[in-house]
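Novice: Reconstruct the complex from the two isolated chains, following the hints.
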Amino acid sequence: MSIRNFLVMVLSSILVLITFTAAIHGYNTSMQQATMLADNNLKQMASTLAELDDIYTSSPHKNNTNSQLIFQIWRNDTLVLRSKTTPITPISHFISGFSENNFSQQRWRIYASKHHNKDQSVLWVFTAIPVNTLYTMAEKLILSAMTPIILSIPFIALLIWLIVWYALQPFNHLTKLLNTKKANDLSAIHLPNLPYELILIEQTINQLFSRLSHAFMREKHFASDAAHELRTPLSVLKLNADNLVDEIPQNETAAHLAKSVDRMAHVIDQILILNRTTAEQFKQQLNQLNVRNVAQETIAELYPQIAHRQQNIELIAEDVSLLSSEFALLTLFQNLISNASKYSPEKGNILVSLSCVESHVIISVEDSGQGISPQEQYKVFHRFYRIGGDQNPSNVVGCGLGLAIVKDIVKLHHGSISLERSKTYGGLAVEIKLPQVMGLKDIHETSH
Amino acid sequence: MKILLVEDDIELAHGLMASLKKEGFTLNHVQNGKDALLTLSTSEHDMAILDLGLPDIDGFTILKSVRTQKNPLPILILTARDGIEQKVKGLDLGADDYLVKPFDADELKARLRVIERHLGTAKSSLITIKTVVLDLAAQKVHVDKIALVLPKKELMVLTSLMENAGRIRSKDQLETKLYEWGEEVASNAIEVHIHNLRKKLPENFITTVRGVGYTVDSD
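Protein chains in written order, with our numbering: chain X, 2 to 449; chain R, 7 to 225.
In isolation and in its complexed conformation, chain R is listed as follows (with noise of 0.2 angstroms):
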């Protein structure tokens, strides 16, 4: 996957490109507001990693711009402010994730997966938790090598927690998700679902965190 960094910070820039580049991303940097308007009018990148405080224009004005251009470029904003009202007015002007300094590089690189495999442009479009293999582009689920057939509904929300995998997803959210997708959600609906994956996955793959949502544990 090919990353736009736009970051003013050389030292930081290089750390994230030697870390990332093990993972297999491949990192474009500029350092300031002027070059990434300029170097994403022009080229081609699958997503975009933006620093707020930039020397030149501010890392909002840059995300607007992208927005206002219709540019469906998926970007995440990695920055210094921490304030709940920045990060609010970042996903709002359409940032996709938001990530405040200083971040684990772990928790980097699972969010890029994420973005990644929305994109579908994964080098494999596999998620494999334990003995569980979901096909994302095939839409199929194997466990144990063994084909399983799931509605759809069950299958969105397998898919929403294994591609959140390690995170809790609640009940809102798993919810919002099969609205998305425009399917009549009952007031049961995701505990029926939650509970008929159970059914059919390995034991303890699907866990409750009571009062707040289910999880599939990510090792």
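The following block holds chain X by itself, in its conformation from the complex (with noise of 0.2 angstroms):
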């Protein structure tokens, strides 16, 4: 719920909410101040009739009055005299005061007072008044002084709404500036007239973009500086080890040595590749790709190693693009056909096809190598994951983040990888199926 309508709605429901408690309130006391004035009305009326008692003695009088006010005298028991729509009978017991009674079909207030007049005998007046005139009177009063409140409300509510999306104007802007902000824009925002409030969030979210952005920074120069502190160093023993295979071409240590350092260049480049293929510098380096010559570029590259083995490759590609990074899709043909070369065996087959279905592009690699048993799949894309351990039967030089990095990469796409055996060859058939164009909603959601 936004906050708008949560202010909108509270105001106005609390603004109806004192209207009427100021209604009821008001409705006592005026009902209040209705009884007051009528009971003084009965007072005066009374002691006026009970002067005039002495003008008239006896038979019931007559009046004409049209007033709601009605009277009863009596003497020593003995109605003598009443107002013309009054009952004959008592309309009170005998008991000074106020008290309230039905007769006539309709509840009346009335005042009973008592008089003794010189002859000795005794005087009783009654007045009385139907109570249903207080109750109008007193609407009357209330709905005259509440009608216009009522009748404002609606606008009152409007306003509020007015002065509400008005306060929170600042509130919207930031929200549509956040919202358009690119996932790896981290530059500070600025937007003018902030309140207070905001300007404290303002400063705040700037700090933390520009935390952010320095811990990207450190990271890709981490990333950067340990491959050159690396790869320089191994550079030599790589070619020192070169250089004494050379020299004493049948020595075993050295034969062993110049292998174990090929092992480390390979798993200190993947673990450097690991690192290169985020989300971050995915979404950085986005570009339409033409896909079948990424694949012949790396089949190039990798041939030397393809011929050696004897192996024969093909690649049976229709012309795709693809919405990517020239590294990631790099990195994702060299691991997969890397691993078909390392895990089949001399004079081999590789297959590379590429085509394009409903607008996924599959690439799908397969080679002629002992493929990888389902009770192993799940788990030959974990981390430092490899069949068998250190004893993997293959004697290949590998250290099990090939098909990491391949999933990770995936996984940048939106896309999906599976494991099969391959029709074509009998050994593992790795096939991937990426969206040749991810959603806006995709790659933001690369980005969190």
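I should point out that these hints are in silico values taken from the structure, not numbers from a laboratory.
A quick note: this is a predicted structure, and the numbers were derived from the prediction, not measured.
Some clues are possibly wrong.
Quick list of in silico lysine-lysine cross-link-like pairs, BS3-like style, CA-CA up to 30 angstroms [as the list claims (entries may be wrong)]:
no., chain 1, residue 1, chain 2, residue 2
1, R, Lys136, X, Lys260
2, R, Lys95, X, Lys284
3, X, Lys183, X, Lys408
4, R, Lys93, X, Lys408
5, R, Lys136, X, Lys348
6, X, Lys343, X, Lys260
Specialist: So this is what it looks like as structure tokens:
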């Protein structure tokens, strides 16, 4: 729920609640006022009637007033005077003071007063007014006071909505700015005329951005620094090991040394690749690529190794394009094809095929090696996992990162990977399905 | 061939000099960019091996300065920087080749030999693979010591393949090679040339890597 809707709803509800509470309270007060007024009238009329008693001494009086006030005058238990509509029975008990009673199909408020005449007779004067009249009076009062307020509620609610909308505008601007910011854009944001609270948020966000961008830079620099720092000494080691093998060709120790150096170089290479195929870097390098060209380039690059093992490699490719990073796609092909060559026997076969099905690029690499048993299939994607551990029967250089890297790259594309038995050559068939164009949404997700 | 080695790591330079000496290359070694620029402007070298991460001047700056002086000296970049952008930048700036550390000594030697053949300074301009001998200087081919007469375009295709023996030449690369020499290239020209060459050369001398290109195995 948005803050704006919440505020508008809560404030409008409170407004309605307060208005009605005020109305109820006002109604009660008006009722009391009306009753007080009526009581005074009843008292005054009673005392006036008592004074008149000397003039009207007998027979019911037929007064013609249309007033809602009625009265009865009793002398020594005899009704001596009453208003026209008044019943002839006593309308109240003979107890002084105010009371309420029902007669003539109405409820009445009655005032009874006792008077002693000069001739020692006891005079009771009852004056009454319908309770209904009081309610009508109170309602009239309260309605005239409350109607304008109730009618103005929708306008006030609209005003609240406008004010809340205006007050929250900076929030909206900020949200919009953050929404449209590209995932790889870590530059500071700046909005003019921000309220105090948002200035703090803006500062915090900018601090976070700057820390994040520093962290990325550090990570990136670390990777390239490590590459340089490790690669040069490794080159020296490799060069000297190769020289040693040349100088003492039959020496097994020298051969082992040269092979270990190769292995180390491979591991370091793969670790660096693993650190370079992050979502952040991937997105910065996105480009429309011709997949066939990348595959051709990779095969050409790996061909000496393939030819050395007298293997046969074929590429069956359609002309397909893919939104990807050249580095990631090259690495993907390198790992797959180099694996296929390593784990196929000498004079073995490798088939790389590329096709496009329903805007997905299908990359398949098949070989004539041993394949991977179904029990091992899910493990080979784990980092540093090798079938059979260090006793891997293939006797080839490897560190167990190849397929983990491939899986990472497939994930960056929101694609899928499956391992099967090759129908053509009987070995392993790796099939990869990559969406040709990732939706913008996907690209956003990749970054989070 | 006289090579200038620009490399700040002394150990690596020594290893390289030991390795390349055996192949008959002569190496002069400088350790920083300043010395490299000085040496390049004063003394005669046939080519240079250049490290990018030098302590004083960036390797790319040296490369740029050499090329702005219209110095055609072949330069092979040997670096720990492995990014594709770096490689593209290096080649765009006029480097002849780009090799990433840690490298294979044999690979380096093979690439140096390609440069040497291009320069025509090789002690011998002969490339011998199996029974086929290609004389680059005389533009002649012998198979089993019998001279083979080849049309110009076929010779160019064969030269490109034999110079890069062990590596794949794509159809595009071969076409580009013919274009460079000012030849008209029809759409299936390469296939036709390869077909003709195969008829004249020993069996399986040229291998087709289906979907990628052609290659001549180096051994």
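Novice: Between Lys183 (chain X) and Lys408 (chain X), is the straight-line Cα distance small enough, at 30 angstroms or below?
Specialist: Holds. Lys183 (chain X) to Lys408 (chain X) sits at ~25 angstroms (cutoff 30 angstroms).
Novice: Given the hint that Lys136 (chain R) pairs with Lys260 (chain X), does the C-alpha gap stay at or below 30 angstroms?
Specialist: With a Cα-Cα distance of about 29 angstroms, the restraint between Lys136 (chain R) and Lys260 (chain X) holds, given a limit of 30 angstroms.
Novice: Going straight from one Cα to the other, do Lys136 (chain R) and Lys348 (chain X) come out at no more than 30 angstroms?
Specialist: holds (20 angstroms)
Novice: Between Lys93 (chain R) and Lys408 (chain X), is the straight-line Cα distance small enough, at 30 angstroms or below?
Specialist: Satisfied, since the Cα-Cα distance of roughly 26 angstroms is no more than 30 angstroms.
Novice: If you draw a straight line from the CA of Lys343 (chain X) to the CA of Lys260 (chain X), is it 30 angstroms or shorter?
Specialist: holds (15 angstroms)
Novice: When you check the alpha-carbon spacing of Lys95 (chain R) and Lys284 (chain X), does it fall within 30 angstroms?
Specialist: holds (21 angstroms)
Comparing the model with each numbered hint stated earlier shows that all of them hold.
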